[in-house]
Structures are given as structure tokens and as C-alpha cells.
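We have chain A; now place chain B onto it with these hints.
If you read the sequences in order, they're chains A and B.
So in the numbering used here, spot 110 of the first sequence is number 110, and the numbers just go up one at a time.
So in the numbering used here, spot 172 of the second sequence is number 467, and the numbers just go up one at a time.
Since the hints were made in silico from the structure, they are not lab data.
Given the structure is predicted, the values throughout are model-derived calculations rather than measurements.
Careful: at least some of the hints might be erroneous.
Stated by the list, open to error - In the SDA-like style, the derived pairs of lysine to any residue whose C-alpha atoms are separated by at most 25 Å in a straight line are: (1) A/45 - A/15; (2) A/30 - B/457; (3) A/130 - B/329; (4) B/502 - A/26; (5) A/146 - B/299; (6) B/441 - B/376; (7) B/441 - A/166; (8) B/325 - A/87; (9) A/146 - B/426; (10) A/9 - A/233; (11) B/574 - B/301; (12) A/166 - B/325; (13) A/166 - B/429; (14) B/304 - B/382; (15) A/130 - B/301; (16) A/211 - B/425; (17) A/207 - B/321; (18) B/299 - B/318; (19) B/565 - B/587; (20) A/146 - B/360; (21) B/325 - A/162; (22) B/325 - A/165; (23) B/329 - A/203; (24) A/166 - B/301; (25) A/245 - B/325; (26) A/146 - B/310; (27) A/20 - B/434; (28) B/332 - A/151; (29) A/130 - B/495; (30) B/425 - A/127; (31) A/45 - A/258; (32) B/329 - A/207; (33) B/329 - A/174; (34) B/502 - A/131; (35) A/207 - B/425.
There are 2 protein chains.
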Amino acid sequence: MTFKELIKKDQLIVEEHLMKFLDKDLTYQKDILKSMKYSIKSGGKRLRPVLFMETIKLFGKNPLDYMAYACAIEMIHTYSLIHDDLPAMDDDSLRRGQPTNHIVFGEAMAILAGDSLLNYAFELLFEDMKDSINQNKAEASYEIAKAAGMFGMIGGQVVDIDSEGKNIDIETMEFIHRHKTGALIEASIVSAAILCGANSDELSNLKRYSKSIGLNFQITDDILDIIGDESVLGKPIGSDEENNKATYPKFYGLEKSIELSKQIRDESLKYLEIFDEDKVFFFKELSNYILERKS
Amino acid sequence: MTFKELIKKDQLIVEEHLMKFLDKDLTYQKDILKSMKYSIKSGGKRLRPVLFMETIKLFGKNPLDYMAYACAIEMIHTYSLIHDDLPAMDDDSLRRGQPTNHIVFGEAMAILAGDSLLNYAFELLFEDMKDSINQNKAEASYEIAKAAGMFGMIGGQVVDIDSEGKNIDIETMEFIHRHKTGALIEASIVSAAILCGANSDELSNLKRYSKSIGLNFQITDDILDIIGDESVLGKPIGSDEENNKATYPKFYGLEKSIELSKQIRDESLKYLEIFDEDKVFFFKELSNYILERKS
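Chain A extracted, bound-state conformation (with noise of 0.2 Å):
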């Protein structure tokens, strides 16, 4: 199977599951479940969850054994996209090209499909250690939790929203960056080792692995703000710049910011020597999409 094939495989598993959660029969709920449903159906690339299935392989085991933890992750991560729209917030209208959802269900609602879709994500969790408990699960499950929190993505999301307007310096911007998109990355492939009782030296070479494709999307997507071809990128270039926005061509310049990203996907690289080659060929095709890719 290819690297595409790979991805598309396994984001239909990831919808099917997530829509298999979703899937009850609630009288005085509907509403709620509805709010959290489009949402959830206008998803993009799963890239978390993929992330996470892909690790599970990685270790030889069965991805639909722990669905439960793949769909809890894109759940989070869904609630954080509808709070972020949300006009207090970033104030977006559409996303993916959709309308966003308190601009279909209201305000009160996003808030509280927001709200229910994290809950949700936990209970999922709980739900199946009350089943079978072990002490991978549980670390597992505060690795997840601990990403999207305050220590994490929602600490992240805080100091952008604080930063908003002003001239921020280059730790700021990797605080951001690290935080409010790279910790639920890393907990997805971290998570996903936890679960499959990874030793220390699988565990801290995956952690560096998905701290530098975290940074290297972000890289690139700065990149391609500047470089990219609209019509292949499906938005207009130039925004970043537009807005002040702090990016890493603004800091680095841009060549710098090319070579940047090389030597970060070869550093990534060098994070999958320690496993079977046969085995990393998703983790490898993914280091050198993020660079290659154009939108």
C-alpha cells in the first residue's frame, strides 16, 4: 500500500468509529448530538488519529483494539476547532469551506457540543479502562489529557489569543506552536506507544520524532504562505505576511527557513533508526511529505 492508500485506509476506519460513538438513540439529546455530529462529519485530514493508528502498527498490534483512544483524540482536537471559531474567539465563519458550527447551531450550542465532545473524548477513555484496566492505559490516557489541557494545547491557545496584534518574540512563537497544535501530535503518537508498553529509548526517540514533524508542519506552512501556488494550496498566499502574523520566514528569513525544514526532516529521520526499517515506512513517507507536500 502506498503512503496515501495507508492514510485513506485508515481515516475511514477513524470515521466509521467515530460515527459508531455518536450513534444514539436520544430523545431530549438529539440536538446536541446533532451540533456534535457536523462537526465531527466536516473533519479534514485525521491527521491525529492516523497518527496514532500508524504508532499502534508500529509495534505489531491491532489499530481496532484501540479505537476508543483514536477517536477520543480527534474529538478533542474537534472541540478545540468549534471554540476557536467561536465569535469570542477567532470569529470564522466557515472552515474547510463549511459554515462553522454556532454559525448552523448557534452560539449557546457550539459551546456546549464543544464542551460535550471533550467530555465525551474522557468518558470514551474511562469507559474503556472500567472495561479492562491496566497501567499503559492510564498513562496513556494522562498523556492525552495532559496535551490538551493547560499544560498543553489550551495553554497554547491562550497565549496566542494574548499575543493577538502584538509583536511577539521567537519563544513566544514556538510556545504557541508547540503548544496549541504540537502537543496533541506528540501525544498521538506518544499515547499510542504508551499503550503498547514502548520502552524508554522507543519512547523518547517517538517523542522527538513528533516534536519535529509537529514543527516541521508549521515550518512549512510558512513557508508555503510565501511560495505556495494558490490554486493548488485552495487559499490565497500572502495572509501571514498581511496580518504581522509572527512566522518563521519573518524570523529566520525565508532560504533559512528552507534549509531549516530539511534539517529538521533529517534530524526526524534519524529518530526511526532504532526500528525495524520495514516497519517506519509510514513515519519515513511522512517526514518527506511535509516537506514535498504543496498545500
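The following block gives chain B in isolation, referenced to the frame of chain A:
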């Protein structure tokens, strides 16, 4: 110790632990911590963690060993109040005489502080489990998460919002009470019992007991809004009728509602009979207090 002294003592312990859990030295996240602490500090009776702690004592265990759970429950309650008060929801600018979170910190921060408290509550539970795991902890946590989410508190909140300005039937009113406030009260008692390894007879009696007191808090609230003493109550009476709110006296009449509340009190006392007489002092007093309270 009297009933009131017991409550006071538990409250102080909860407040001390809440502050300890939120006493983090974070450079970038200090704004959100401030906002979280503000709402946690301006808390009220700490009813839910007090119920949790007293249930732990009922089983002869030490509540100090379970403070992560007591505090998680109070954090979940507090997040729900922050989000309830938002302009898009109830649009309240005062709570317990103090400006609500979004009035002080702005809407964006209030949304994130609520999200963060909900997330941190579960983070604390996973952290506790990670350090020493057992089946009871997973089951108790699941009970709390379920009570907080769309099958519990959030479910009640959604129906409450949907019902605004409408004439609802008694089943809908009861659904709202049972879920919006009842579910987390019930989980406070039931999760503590599970943690202590309660048997199925003890569990089902405590479930019924907590349903009774949750219901009776609501009925007596409705009654006090008609016959309460404004100076003792600390708020004007008659607001339910003015707002055409669905209440027990509206459906059953005042006389019958008072009768009903006594009947439920008597029932709640019966559920305590399977426990040792000397262990249920607090719960007996509570059943009576709900009926006799003036505020």
C-alpha cells in the same frame, strides 16, 4: 461535631486542595490560571465535594486519600457555571454577588478557563490512576465523566436552553433537573461509594438517596421562591412566576409540593437504613436540612 461544623470542615479541606492543585508556577499560562482560580475561589457551598467526602467517611475511609476526585468534581461544577454565565448562554454578569468570569477576564478567556477546568479535572483523575491503578478508580471516574457529559449535566443544560420561553411538560422539567443538577450530585455520592468498594445493595441505596436529595433541593428551591423570606434568602422571591418558569408548585400547587417534599425526605431516610446508625448522621441531617432551610 454538628452538621454545620462537619460541612465547614470539609469545605476548608476542599478549598485548600483546590488551591494546591492550581498552584502552578507557569510563565506563559499565568493569565488562564488566574481566571481559573478566580472562579474556583468565588465558589459557594462546595456541596458536591462535601457529599463526596462524607460518603468516603461513611465507608470508614479517609477523604484525604481521594482529594483528586473531590476537587475534580468541584472543577467540573465550576466550569459549568463559567460557561452557563456566558453572554451566549444565560448572560449573567453577577454570580454570588461577584462579577462573573467573562466580565473580569473577557469572553475568550472565560471560554478557555472553563475548557481548562473541565480538562484539568480529568487530568487529575488520570494522574491519580497512573500512580496507582485499580478497577474502582476507573469505574468511579467513568461515573463522574458520564454525569458531566451529554448523558448528564450537559444534556440537561441543552434541554434547558431549548425550553427557554416555551411551555414545557412535567417530564421535560424533571429531565432538566435530573440531568442539569441531579446527575453530578448523584455522581458525587456514587463515585465515592465505588471508590470504597461498596456492594451492589449499598450502591443502589445510595443512588436512590442521592436522587431523592437532588430532587428535593429543586422542589424546596421552587417553594422558597414563593414563601421564602427575601431578607434571609438574599434574593427577591416570585421570580419563577414572573419568568413563567416550570416549577413543582406550578404543576402540583404549593400545598401538594410541600407534601411531596416531605414524602421524598421520608423516602430518602429509608435508603439509609441499611447502614450503621452511627455512620449516617450527616446524611440524615442533610435530608432534614434541605426541607427546613430558609435559604
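Results of checking the hints against the structure:
no., hint, result
1, A/45 - A/15, "holds (11 Å)"
2, A/30 - B/457, "holds (11 Å)"
3, A/130 - B/329, "violated (34 Å)"
4, B/502 - A/26, "holds (22 Å)"
5, A/146 - B/299, "violated (37 Å)"
6, B/441 - B/376, "holds (18 Å)"
7, B/441 - A/166, "violated (41 Å)"
8, B/325 - A/87, "holds (24 Å)"
9, A/146 - B/426, "holds (15 Å)"
10, A/9 - A/233, "holds (23 Å)"
11, B/574 - B/301, "holds (13 Å)"
12, A/166 - B/325, "holds (18 Å)"
13, A/166 - B/429, "violated (48 Å)"
14, B/304 - B/382, "violated (35 Å)"
15, A/130 - B/301, "violated (33 Å)"
16, A/211 - B/425, "holds (24 Å)"
17, A/207 - B/321, "holds (22 Å)"
18, B/299 - B/318, "violated (28 Å)"
19, B/565 - B/587, "holds (18 Å)"
20, A/146 - B/360, "holds (22 Å)"
21, B/325 - A/162, "holds (11 Å)"
22, B/325 - A/165, "holds (19 Å)"
23, B/329 - A/203, "violated (34 Å)"
24, A/166 - B/301, "violated (51 Å)"
25, A/245 - B/325, "holds (23 Å)"
26, A/146 - B/310, "holds (23 Å)"
27, A/20 - B/434, "holds (22 Å)"
28, B/332 - A/151, "holds (16 Å)"
29, A/130 - B/495, "holds (17 Å)"
30, B/425 - A/127, "holds (16 Å)"
31, A/45 - A/258, "holds (24 Å)"
32, B/329 - A/207, "violated (30 Å)"
33, B/329 - A/174, "holds (23 Å)"
34, B/502 - A/131, "holds (21 Å)"
35, A/207 - B/425, "holds (19 Å)"
Checked against the numbered hints above, the structure violates hints 3, 5, 7, 13, 14, 15, 18, 23, 24, 32; every other hint is satisfied.
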